[in-house]
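> Sequence:
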Amino acid sequence: MEARMSDGRRRMSNDVDAEPTARGGVPGQRGHSTPYYPPHGEPLRAPWDPEAERTPGRRRSVPGARDHLRKQSPVGRFFTTWGWRAYAIPVLVVLTALVIADSVTGAGPDDGDGVGETAETPALMGEPPRGQVPPSGELPDGGPFEEAGEGVFRVVPGGTDRVGRPEAEQFTYTVEVEEGIDTTDFGGDDSVARMVDATLANPKSWTADGAVAFQRTSGDEPAFRVSLASPRTVRENCGYEIELETSCYNPSTDRVYLNLARWIRGARSFQGDIGSYRQYLVNHEVGHAIGYPDHEPCPADGALAPIMMQQTLGVANHEIFVLDNEGVVPDNDDTCLYNAWPYPDGPPVNR
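The sequence shown begins at 4 in the numbering used here and counts up by one.
Hints were generated in silico from the structure; no laboratory data involved.
Backbone N, C-alpha and C define an ideal beta-carbon position, used for all residues, glycine too.
Keep in mind that a hint or two might mislead.
[Unchecked claim] Taking CB as the label site, the calculated pair distances span:
1. Leu340 x Glu153: 16 to 26 angstroms
2. Gly191 x Ala306: 33 to 43 angstroms
3. Pro347 x Arg165: 15 to 25 angstroms
4. Asp276 x Arg168: 29 to 39 angstroms
5. Glu141 x Gly305: 16 to 26 angstroms
6. Pro138 x Gly161: 19 to 29 angstroms
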């Protein structure tokens, strides 16, 4: 379960500061209670000790009960004194040594099949699927672009007023451009920021249902970062298992990666409409960032494509099914019309 902070950043429920209990444990966690230790000087009495079970409390010695020990050898006195414990002690020593040895030898790096502790990486949202590339997913011809940048980003200065209803959940964002990308051919960094701002402020965008609000900032801790990135950087952060230029949202960095190649050339399914494609790209990837992780199929032949359909790959179900046949998209001939907006008809009537 997750909660969101006032600026829209997500906070997982396990980030809540837990107060330790009186025994030293933490509420909701198992196995962390402080074990009981007897007061100083009190013996540790094993419950399987038969003498202790029969005669609780401190026992008195019977006069003359230990006289026969003087006639035995030291070894004999040892076994007579400790009884069955004399046999148990060596066994326990051996077992303890084996456990310690096993712990030491098992502490080194694993050269086998990787069985052990691994870091859990959040799933990428919008990463390319693994099937064959249909013609609809290929990058169209067009202008040149930088294939690789420097891997670091510059924040476009400035911000916007809040857009959305007063009671809506607010998401702050920055607009950033990867160092090494020259944006002068398409209006400069400010032009990129204006496109993102205008898209998210449009009444057909995510604010239409009254649940979310946006505000651009140049601060250090936005809810997410809308970042124009080179294809190489996108591949490193979104995946490139098939040779297809895509964009994605990476939750581990709270960064929306907009692929420069697509920003300049668009997608075949948008039939050369670069402006609409850029609006789609922003709305789709920001949709992942604000809590819409799943993709959608074309609902009916001739309908407008849902904003969370992978329209970069195509607007026909069969085209996407070829790439991703795991049940999200049916293998049928339904083909949608491209669409750049979450709410193409405007705000819902019953919001």
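> Quick check: which numbered hints come out false for this structure?
1 and 6
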